[in-house]
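J.: Sequence:
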Amino acid sequence: MAQRVPFIVAELGRDADPLMLHLYAALAKKERRLISERTKAALAARKAQGAELGNRSSPSEAAALGSKVLVAEADAFAANVLPIIASLQDSGVMDLRGLAGALNARGIRTARGGRWHVSNVKNVIERASRQSLL
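To convert a position in the sequence shown, counted from 1, into the numbering used here, add 1119.
It is worth saying that the hints were derived from the structure and are not from the lab.
For every residue, glycine included, the Cβ atom is placed at its ideal position computed from N, Cα and C.
Do not take every clue at face value.
Stated by the list, open to error - With a cut-off of at most 30 Å between alpha-carbon atoms, the simulated DSSO-like pairs for lysine-lysine come out as follows: (1) Lys1159 to Lys1148; (2) Lys1241 to Lys1187; (3) Lys1149 to Lys1159; (4) Lys1148 to Lys1166; (5) Lys1149 to Lys1166.
To be verified - Here are the in silico distance ranges between beta carbons for each label pair: (6) Glu1130 to Arg1151: 13 to 21 Å; (7) Arg1123 to Asn1174: 45 to 53 Å; (8) Ala1161 to Ile1127: 31 to 39 Å; (9) Arg1225 to Pro1178: 35 to 43 Å; (10) Gly1232 to Ala1205: 18 to 26 Å; (11) Gly1233 to Pro1178: 25 to 33 Å; (12) Glu1245 to Arg1165: 42 to 50 Å; (13) Met1139 to Arg1225: 51 to 59 Å; (14) Arg1151 to Arg1225: 43 to 51 Å; (15) Lys1241 to Glu1192: 47 to 55 Å; (16) Ala1205 to Ala1164: 55 to 63 Å; (17) Glu1180 to Glu1245: 51 to 59 Å; (18) Gly1173 to Gly1211: 53 to 61 Å; (19) Ile1127 to Pro1178: 35 to 43 Å.
Can you build the whole structure from these sequences, using the hints too?
T.: Below is the structure:
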């Protein structure tokens, strides 16, 4: 005979009985239907006003544009942080690990807001040398 495993909903705790779960599921289903109806009505209204709907660019064009923006942001970040790295190198910190530690000690964050590691420093220096910023 199979053993029953209790179904526990984190938000409702152990007291959630099958009737309660059924009611929540029914309400969620109705809400999904209402959202769908509102979305379709809003899109129909926009279309009636003459708005062009949908993504008119191809996926490859959108990806190329997104890539271009990311490269530009990375280049700008590298240009901003490079003078700090150069001043650390002028003060005698030459290895990548030391540069990462010094940047972290100064409270400077990476482009994504994280802590510096050897690879981050290496990438910024390589990006700068490709752009002839060094």
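J.: Just to be sure I understand the hint, the distance between the Cβ atoms of lysine 1241 and glutamate 1192 should be within 47 to 55 Å; is that true here?
T.: violated, 19 Å
J.: Given a hint of 25 to 33 Å, does the C-beta separation of glycine 1233 and proline 1178 actually sit inside it?
T.: Once the Cβ atoms are compared, 29 Å apart, the range 25 to 33 Å for proline 1178 and glycine 1233 holds.
J.: 55 to 63 Å was suggested as the range; check whether the CB atoms of alanine 1205 and alanine 1164 agree with it.
T.: holds, 56 Å
J.: Taking the CB of glycine 1232 and the CB of alanine 1205, does the distance hold inside 18 to 26 Å?
T.: Roughly 22 Å apart at Cβ, these two residues keep to the hinted range, so it holds.
J.: For the range 35 to 43 Å, tell me whether the beta carbons of arginine 1225 and proline 1178 fit it or not.
T.: holds, 41 Å
J.: Is lysine 1148 within 30 Å of lysine 1166, Cα to Cα?
T.: Between lysine 1148 and lysine 1166 the Cα gap is close to 27 Å, so the pair holds against 30 Å.
J.: Given the hint that lysine 1149 pairs with lysine 1159, test it: the Cα-Cα distance must not exceed 30 Å.
T.: Between lysine 1149 and lysine 1159 the Cα gap is close to 15 Å, so the pair holds against 30 Å.
J.: Between lysine 1241 and lysine 1187, is the straight-line Cα distance small enough, at 30 Å or below?
T.: holds, 21 Å
J.: If I claimed the Cβ atoms of glutamate 1130 and arginine 1151 lie 13 to 21 Å apart, would that claim hold in this structure?
T.: Given a distance of about 18 Å, which is inside 13 to 21 Å, the answer is holds.
J.: Look at the Cβ atoms of arginine 1151 and arginine 1225 and judge whether their distance stays inside 43 to 51 Å.
T.: Distance hint for arginine 1151, arginine 1225 holds at roughly 50 Å.
J.: Should the hint that glutamate 1245 and arginine 1165 are 42 to 50 Å apart at their CB atoms be regarded as holding?
T.: For arginine 1165 against glutamate 1245, whose Cβ atoms are near 46 Å apart, the range 42 to 50 Å holds.
J.: Please check whether arginine 1123 and asparagine 1174 have a Cβ separation lying inside 45 to 53 Å.
T.: Cβ of arginine 1123 to Cβ of asparagine 1174: about 48 Å, so the range 45 to 53 Å holds.
Hint compliance for this structure: hints 15 and 17 are broken, all remaining hints hold.
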